[in-house]
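A.B. asks: Each chain, written out:
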Amino acid sequence: MAFISSGYNPDKPMEDRITDIGPRHFDEFYPPVIKANKGKWLYHDILEPGVLVHVAESGDEVYTVRAAGARLMSVTHIREICEIADKYCGGFVRWTTRNNIEFMTTTKESAYALKADMESRKFDGGSFKFPVGGTGSGITNIVHTQGWIHCHTPATDASGPVKATMDVLFDEFKNMRMPAHVRVSLACCLNMCGAVHCSDIAILGFHRKPPILDHEYLDKMCEIPLAVAACPTAAIRPSKVEYDGKTVNSVAVKQERCMFCGNCYTMCPSMPLADDEGDGIVLMVGGKVSNRISRPTFSKVVVAFIPNETPRWPTTTSTIKRIVDVYAANANKYERLGEWAERIGWERFFEKCELEFTHHLIDDFRDPAYYTWRHTSQFKF
Amino acid sequence: MAKHATPLLDQLESGPWPSFVSDIKQEAASRAKNVKGVDYQVPADACDDVLGIMELSYVHKRTHWKHGGIVGVFGYGGGVIGRYCDQPEMFPGVAHFHTIRVNQPGGKFYSTAYLNQLCDLWELRGSGLTNMHGSTGDIVFIGTTTPQLEEFFYELTHKIGQDLGGSGSNLRTPSDCIGEARCEYACYDTQALCYAMTQDYQDELHRPAFPYKFKFKFDGCPNCCVASIARSDMSFIGTWRDDIRIDQEAVKAYIGGEFKPNAGAHAGRDWGKFDIQKEVIDLCPTKCMWMDGGKLVIDNRECTRCMHCINVMPRALRIGEDKGLSILVGAKAPILDGAQMGSLLVPFIKVEEPYDEIKEVIENIWDWWMEEGKNRERLGELIKRQGFQKMLEVTGIDPMPQHVQEPRHNPYIFWREDEVPGGWQRDIKEFRKYHQR
Amino acid sequence: MDKEAGKKAIVEFLQKKSKSKSKFYLKDFYEVLPNEKVRDVKNLVNEMVKDETLEYWSSGSTTLIGLKGTGKQAGAEDEA
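Residue numbers (this note's numbering), protein chains in the order written: chain A, 1 to 381; chain B, 1001 to 1437; chain C, 2001 to 2080.
Just chain A, same shape as in the assembly:
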């Protein structure tokens, strides 16, 4: 490998430097039919799962074929997307907020040809490259975080549990038979760089053990005041520790105060907290972000802990499947998962979904806890 210079001169970093130019202008990337009809769309129809038509005041139509993408994607795969877009869509394509890929064309014929082409493409391992679906009142793609592919504080993987969950929910991605749409999200630790806290179903990685202290190296690798300041619950203090017959500068952790966030590990690599038995998954349900009918709501914790069962997380996926199936069988049309649970009562939700209720599910964290306890004599037996 020979180093190829871009033209950048490390001795003069400011020479010819271009900064603060922002993203390219969106206007360059609109397909012609979008550019011509922007702001003048009349209505849309979902022709079948994954295929939409939007009709403009001008009478123009745009057909959209929506396919799932694993958000973790190689350039080889993106180039294949480009080839498809060149062949059918005049060289334009877009992604949705939920990691789906949308191909747009102006005729129904080409939309269906495109769909057939996309569904014929498979990876060598056998999975679909571009399964079409993810529209209407079904279960669309999962938004998620990095997990073990790239993050330093995850309590679970992201891509793996997502793949395993969507394999189990695949029929619902391809259908529109839920009472309302079901949004599933995954964040691999409680910091939630993917904000999953308002999802119908949230899969959340969670650590349960305080950091291990590498006293021998801590003062060499880390600035102790920064590690102390990193802790949101003030559980860390500087401490002199006897190590190998010597007194070394290190830290002490008030373990019962630790909320397992990993912020100290970010500042100080001598405080790792990942653990094969300690780490696993929390399931939260019943959140939503839309203002439709009822207000946006937060997801609630309904399963306090499921171990990380690599490589396919069977307890996690079967629990999710059970919740989805019970919801689908019992909710009214248009009722989101959380609206249904509230209507029947959470006591009934646990019964119907065959979930155990343990003390972990009663909120005891700071002010908001009180507002989640029952303040009425109305409840169900």
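Don't take each hint at face value.
[Stated by the list, open to error] Covered stretches of chain A (in silico footprint by chain B; criterion: 3 or more residues with CB under 8 Å from a CB of chain B, positions within the stretch not fixed):
#	segment
1	53-64
2	67-74
3	115-125
4	135-145
5	203-212
6	242-249
[Stated by the list, open to error] Some chain B residues flagged as far from chain C (calculated, every beta-carbon gap over 10 Å):
#	residue
7	Lys-1278
8	Cys-1303
9	Glu-1357
10	Glu-1371
[Unchecked claim] 30 Å max Cα-Cα, derived DSBU-like pairs, lysine-lysine:
#	chain 1	residue 1	chain 2	residue 2
11	C	Lys-2037	C	Lys-2003
12	C	Lys-2072	A	Lys-254
13	B	Lys-1273	B	Lys-1287
14	B	Lys-1350	B	Lys-1323
15	C	Lys-2072	C	Lys-2007
16	A	Lys-254	A	Lys-240
17	C	Lys-2068	A	Lys-12
18	C	Lys-2068	B	Lys-1374
19	C	Lys-2050	B	Lys-1159
20	A	Lys-122	B	Lys-1003
21	C	Lys-2068	A	Lys-220
22	A	Lys-254	B	Lys-1374
23	A	Lys-246	A	Lys-220
24	A	Lys-300	A	Lys-321
25	A	Lys-209	A	Lys-300
26	B	Lys-1384	A	Lys-254
27	B	Lys-1260	A	Lys-174
FYI, nobody ran anything at the bench for these hints, they're computed from the structure.
Ideal Cβ positions, reconstructed from N, Cα and C, are used throughout, including at glycine.
Given chain A, work out where chains B and C should sit, using these hints.
C.D. replies: Using the frame of chain A, we list chains B and C on its own:
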């Protein structure tokens, strides 16, 4: 032949859902073959080593990555996240494996010419692995070495005319829904406003300016497809203040079954014949609509624009024409004091270039937060700590009932002296004239 | 503001603290120059990064700032 055996990951190749394992293997094979003769600037076997280290995580059930905070491109505080693996001897191809965030274009629309340019650049100077897209919206490039960062940035800006996204205590890369580009519900041009705010606040996006992260998100209507209300410090949600436009003929067509309700969204199950009373009128949260002699009537003054009726009958009902947006502030994920939903600050504002009115709200909020916010305190937490009233004061917005779900539950009003007739300076002697000790 | 005096005060502050701590939040710099507007201090600090006097350290979610090349993280990151 794969460099590392990955028996656990291999089990994620079966099943219908697109397999990231198969895709990484495909990239590893492509780099090994190197048909185009690319002079890879990071190890050619980086993808093999990603699979190897990932397999190790599947065995150990623990991550093998370490954080790095120093790396970045010169003069920018955001856009690059440092990553090092903790088994560099076993997996030298990913010993240094930094992330680069690239500011995605509006609506996530792309031309293939542009995407191919990005792919070529990332194949040469990175691992070839990406996220399309990160949670905030960026194009995320996963895996490159420190010496490649400046080279990547130089080519990104010079050849592709494209900049990085945000990270750290910066304005984070703003993101938007598809909006007017292809949605009849959009109440303003989300892409135009998102682009303008991204450009106007480039300094805040690239260099630390705040006590913590700050997110803008732009939703065209109250359906909130980009979830701005749940996850942005400042959420811009399209709305309107006149009447929902009704096409009575189309209403009849829905009732008569000629039009599929919900734009076909519920077509996968037999829910029975469409019943406008049960499915629309009875579910209206404000009960502001009824049928009168075969015609649908809406008392628009009582409507709170929840979108349900419009979502059910998009060909009959359209958003109003006096359009604008609402600004909600302070949403955040639970860390630390609990999750916060956005709180309504500005009920309605017109969206007109150059957006001075909107920018005034933004900058007033920023001035307050920059001055008063504690380290790592999100805007929502500052609002809680100093009070909603304080925010109204700094933004010069008058209090109104729209600001609250309901009035306060306690009478502990901290009256200011100037609000009480006569002030607080009183004469004890005067008091004692009438009251014995 | 007197930029040079401001820069000097910031460097002195960081050198004085360097024994125990090499990196600070932006807000800590406001206290070094209490009579200046926070926005001006922010701009000055960012300018000092361009001068190569200071450097950023990012946790991903938040940013710290210190004298270039100081602190123990540099060693920990194999980038020293």
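A.B. asks: The structure should be examined with respect to each hint, and the outcome stated for every one.
C.D. replies: Going down the list of hints, with the structure as the test:
Coverage of a stretch by a chain is defined here by at least three residues with a beta carbon nearer than 8 Å to that chain's beta carbons; for the segment 53-64 of chain A and chain B the count is 3, and the condition holds. Here's how the segment 67-74 of chain A fares: 7 of its residues keep a CB closer than 8 Å to some CB of chain B, so the rule of at least three is met and the hint holds. Here's how the segment 115-125 of chain A fares: 3 of its residues keep a CB closer than 8 Å to some CB of chain B, so the rule of at least three is met and the hint holds. Three residues within the 8 Å Cβ limit are the bar, and the segment 135-145 of chain A against chain B gives 7, so the coverage statement holds.
Counting residues of the segment 203-212 of chain A whose C-beta lies closer than 8 Å to any C-beta of chain B gives 0; at least three are required, and the coverage claim is violated. With 0 residues having a beta carbon nearer than 8 Å to a beta carbon of chain B, the segment 242-249 of chain A misses the requirement of three or more and the stated coverage is violated. The claim that Lys-1278 (chain B) lies off the interface holds: its Cβ sits roughly 47 Å from the closest Cβ of chain C, which is beyond the 10 Å cut-off. Every beta carbon of chain C lies more than 10 Å from that of Cys-1303 (chain B), the smallest distance being close to 40 Å; the non-interface claim holds.
Here Glu-1357 (chain B) stays apart from chain C, with its beta-carbon at least about 21 Å from theirs, past the 10 Å limit. A Cβ of chain C approaches the Cβ of Glu-1371 (chain B) within 10 Å, the least distance being about 6 Å, so the stated non-interface status is violated. The hinted pair formed by Lys-2037 (chain C) and Lys-2003 (chain C) meets the criterion: a straight-line CA distance of about 13 Å does not exceed 30 Å. At roughly 24 Å between alpha-carbon atoms, Lys-2072 (chain C) and Lys-254 (chain A) fall within 30 Å of each other, so this suggested pair holds.
Under the criterion of a C-alpha separation no larger than 30 Å, the hint pairing Lys-1273 (chain B) with Lys-1287 (chain B) is consistent with the structure, at around 22 Å. With a C-alpha separation of about 7 Å, the suggested pairing of Lys-1350 (chain B) with Lys-1323 (chain B) holds against the 30 Å cut-off. Between Lys-2072 (chain C) and Lys-2007 (chain C) the alpha-carbon distance is near 23 Å, which keeps this suggested pair within the 30 Å criterion. For the proposed pair Lys-254 (chain A) and Lys-240 (chain A), the alpha carbon gap of about 15 Å is at most 30 Å, so the pair holds.
With a CA separation close to 17 Å, the supplied pair Lys-2068 (chain C) and Lys-12 (chain A) stays within the 30 Å bound. Straight-line distance between C-alpha atoms of Lys-2068 (chain C) and Lys-1374 (chain B) comes to about 25 Å, which keeps the hinted pair within the 30 Å bound. Restraint check for Lys-2050 (chain C) and Lys-1159 (chain B): satisfied, since their Cα atoms lie roughly 23 Å apart, inside the 30 Å limit. Using a Cα cut-off of 30 Å, the hinted pair Lys-122 (chain A) and Lys-1003 (chain B) holds, with the two alpha carbons roughly 23 Å apart.
For the hint linking Lys-2068 (chain C) to Lys-220 (chain A), the alpha-carbon distance of about 18 Å falls within 30 Å, and the restraint holds. Among the hinted pairs, Lys-254 (chain A) with Lys-1374 (chain B) is consistent with the structure: their alpha-carbon atoms are about 24 Å apart, no more than 30 Å. A distance of roughly 15 Å separates the Cα atoms of Lys-246 (chain A) and Lys-220 (chain A); the hinted pair therefore holds under the 30 Å criterion. Under the criterion of a C-alpha separation no larger than 30 Å, the hint pairing Lys-300 (chain A) with Lys-321 (chain A) is consistent with the structure, at around 17 Å.
Restraint check for Lys-209 (chain A) and Lys-300 (chain A): satisfied, since their Cα atoms lie roughly 22 Å apart, inside the 30 Å limit. As the CA atoms of Lys-1384 (chain B) and Lys-254 (chain A) are separated by approximately 28 Å, the hinted pair is consistent with the 30 Å bound. Only pairs whose Cα atoms come within 30 Å are accepted, and Lys-1260 (chain B) paired with Lys-174 (chain A) is accepted, the gap being roughly 19 Å.
Going down the numbered hints, you'll see the structure goes against 5, 6 and 10, while the others check out.
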